[in-house]
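Peer 1: Each chain is listed here by its residues.
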Amino acid sequence: MAEETTLLPRPDFTRTVPIDKVGVEERVDRLNKRSIKTESKFWALKLALNMVDLTTLEGMDTPGKVRQMCYKAMHPHPDPDIPAVAAVCVYPNLVRVARETVGDSGVNVASVATGFPSGMYTLESRLEDTRYAVEEGADEIDMVISRWAFLKGEYNRVFDEIAAVKEACGEAHLKVILETGELETYENVRKASDIAMYAGADFIKTSTGKVKPAATQPVTLVMLEAIRDFYYATGKKIGMKPAGGIRDSKTALRYLILVNETLGGDWLNPHLFRFGASSLANDLLMQIIKQQTGNYQSADYFTID
Amino acid sequence: MLEEKQLEKRAGNLIFRNVWDYDPAPEKPDHVRLKEKYDLFINGEFTPPEEGRYFESVNPANEQKLAEVAEATKPDIDKAVEAARNAYNRTWGKLSGRERGKYIYRIARMLQERAREFAILESMDGGKPIRESRDADIPLVAAYFFYYAGWADKLQYATPGMQPRPYGVAGQIIPWNFPMLMAAWKIAPALATGNTVVLKSAETTPITAYKLAEIIQDSGLPPGTVNIVSGAGETGVEIVNHPDIDKVAFTGSTEVGKLIQKSLAGTRKGYTLELGGKAANIVFEDAAIDQAVEGIVNGIFFNQGHVCCAGSRLLVQEGVADMVYHKLKDRIETLVVGDPLDKNTDIGAINSKAQLERINKFIEKGLEEGGEMHQSSANVPSNGYWCKPTLFRNVSQSHSIVQSEIFGPVLAIQTFRTPKEAVEKANNTPYGLSGGIWTDKGSKIFQVGQHIRAGVVWANTFNKFDPTSPFGGYKESGIGREGGLHGLLPYLKLN
Amino acid sequence: MAKRLDVLKTYKMYTGGKFIRSESGRYFVTENKQGKELANVCRASRKDVRDAVKTARGAWGDWAARSPFNRGQILYRIAEVLEGRKEQFRHELMQYGIQHKKAETEVEATIDRLVYYAGWSDKYGQVFSSVNPVASSHFNFSMPEPTGVVAIVAPDDSPLLGLVSVLAPVITGGNTAVVLSSETYPLPAASFAEVLHSSDVPGGVVNLLTGYRTELLEHLSRHMDVNAMYYTDGDEDAQKMIQEHASLNVKRVVFDHPKDWTSENLEHPYTILDFQEIKTTWHPVGY
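Residue numbers (the working numbering), protein chains in the order written: chain A, 1 to 305; chain B, 1001 to 1495; chain C, 2001 to 2287.
For the record, the hints were derived by calculation from the structure and aren't laboratory data.
One thing to keep in mind: the hints can contain errors.
What the hints assert, rightly or not - Straight-line alpha carbon distances no greater than 30 Å define the calculated BS3-like cross-link-like pairs of lysine-lysine that follow: (1) Lys2012/C <-> Lys2123/C; (2) Lys1425/B <-> Lys1365/B; (3) Lys236/A <-> Lys1329/B; (4) Lys2018/C <-> Lys2047/C; (5) Lys237/A <-> Lys1009/B; (6) Lys2259/C <-> Lys2036/C; (7) Lys152/A <-> Lys1262/B; (8) Lys33/A <-> Lys1444/B; (9) Lys2003/C <-> Lys2033/C; (10) Lys37/A <-> Lys1028/B; (11) Lys2033/C <-> Lys1258/B; (12) Lys65/A <-> Lys236/A; (13) Lys1343/B <-> Lys41/A.
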């Protein structure tokens, strides 16, 4: 999915794009009142499953655990109508295992890199981390920004680091994790989104999952609006990945509604929208089966991997 | 910011609902109890009209008759006023503030219990989306009763240095755009201050007021304290001109408000008037643009634009004008127009055939006068009264769609260069009900807000209502305030 | 020694900080109770009303924008200057047959009333404002703002104290006024203009006309740029006409007819509030 890279003029990131907190949250509340029924719900649940980056990012991850997750990613349910997930997401040292397991199934391998989750390492080691993951077979790199530099006001440093990681990615897609829970304000989220997009991000992503709050709907809306403004200005479509804390289908559908009504139908596919989640997939499956059968489901009927 | 040509060249507009359109999600009206015929509520009883005439109330979303409703004429108004006078002299007027408050609390609670039924009926009778009647109108109705219930035994703190007294019998006339909410705005403060009430609902939306009457009956409120009648303008005239009415409270058009003020000349009746508006929403280039666009949408498309304080004029600073327009065009594509009972509907039915004709006339006029129109591509049902969200550009202060209150989903967009110009244009109208300011700069809000001659200023927000918050107009938008502490004063005499 | 010839005073109207005659050139004669001619007085015309309203509108923005402290200082200054001219006003009231003691009491009550309202200038806003505890994440406050241009028909029966009692709450609140003075006793108002003129009151804030009610009430109440009308004569026919005309542009109309203008019961800030509009401002709270 390599796009032509034209160098965009770097905006002055010291200038803040105003965001009104209450207005953002009211918009989300209003969209949460959407009621998704019958066919449109079934379609969206399957789409959501197809957008999941099935993730495990624990110190206790083993090759065995990652392989199990990969099998599930490729084949979430016996029903052949139920799609695979978009990608699996692992630490760099497990990329090779994942790569070998998913093969050419169409499920991508994503790797966190750049000293995930804190990023508190030298730039050189973070770039090396990135190159390693790509060499091991990662299709996608989920990097973390230097929040310390951002909060210190060194926006150009953050920009330059992202640009350097992008270069290190080569053909791999770059998702830039803003860790919005540490940025605190919507205006910071907006600014970090802009820095990431102008520096070359293919996706912007909310969170590592290691900091609370992780993804929230208002933060996601602010990022979607940043993507929209970037699109208006450049014609380029940047992807969005909320990650962490999205556990149930109802919440996932609410995220899709945000996308549907902020960016429109062009973004409703795994090339431009992902969920970073682990337990969400099973809940989506339960709801899909409920839609098929009309019966509310029990967790006992769905595999734990 | 980017100009129109650049925007068109680089990305153009977004595409909505091409991939994922929502299936219908209708709120089921099966638990709503609707009578075939509604009689006048006088002296605690549902009473047939003296002259025996009934009119139809129609669902504007499908043009079907909902119920027959009694038309009140002079003898009915005489009875209602007499009942209210008796209640004032003998029962309600003798109660302590504390006991009055408890009745009002009781009504508030009963409204909450039956909230969904009221919301559905409000949408069926008036055409407003269930999302609004369910999430805004009816919760606010209960909230207004709760708020004023608590004032009933504390009135001496509302008028420091004075001993407040009620007027007596209040004649209240409400419009069709917020039938229940306007009834609450009128009845709750009147009861809290010890007045009794004769209220007339609007001709096209009489039903929920009678459902409210059922609650009032069930609450055990002394008979005659609140009397509810229905009818058209002539019925209203009988109330306004009735010699035993002490105070008139009217919400409606400026045209009718002026007639009422005139006809009350030479009487000692008090009056409050909540009349029309043509509010300007001023967007500065340093505003949070996405939230401003949302505010513009809420400002003009809330309740199909049937809102006296609607932000029907957009004044946008030149530097961001193209971007704001571009975003507005995209935003209105996402507005769902259609069945008011569908939970996803953003814009419901226009309240009546007559109102739709009026709106269409203004749209035609806007085009004739050279305005550039853009409407969303929404599909609308074949039956019923509908108007797509409509934007007009290339218009000036001298265009009719900029000057007149259209009371529909039609936004007139103009540009400005400086704050002074924005304020001048905002104030360049006989109205003065509300205004909007969008900027990230606090000091600008205070200055511009001070200069806007209007009773409600929404800064970085729009169309917000709360029982604690006074509402009412400057200039031809009316006299007096409703809501909050200030909303007590029109129902009290001081000495 | 020959008796000195008195210099007689020409009584003029006062608009825009200037002493003027009626554009019509007309006048009327004011007499005392015994029918003795006291002076010639300008008889304002429809056009004088038009010009005075225009002047009042022009002065309004600046007056309304002044700090309440400043308006209070100016009202107090009026009181100070009036105190220095007590004798003149007592004399003018006595010309109309009011007894010495009563005239003196009335002048003193007038001064005290000015002081009373001067004190309110920076307080009524506090008394009548509120911060409203709305349920959503918004800061919401309501405060009074002046209504605009107020046409005052000063009481006919109380040419000085009555005049000041109706004028002070209107201008304390930041409105500008077009005042039709007492028709029967026009002289004290004309002299009061001189007090205003030497009291730092900006030109156009108070515009004093003299003339006939039958002629001018209609033009005042029909004027589309008058925001409110204050009428205290208690004539019910006039009240009816005023309100009928007021409805042309939804003027606020205040009728009042006190029996005793010296009563301290008349002193309260609700008269100021009658010529105020409550403005409510909403703003979201959040970062």
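Peer 1: Hints broken by the structure, by number, lowest first?
Peer 2: Hints 1, 7, 8, 11 and 12 not satisfied by this model.
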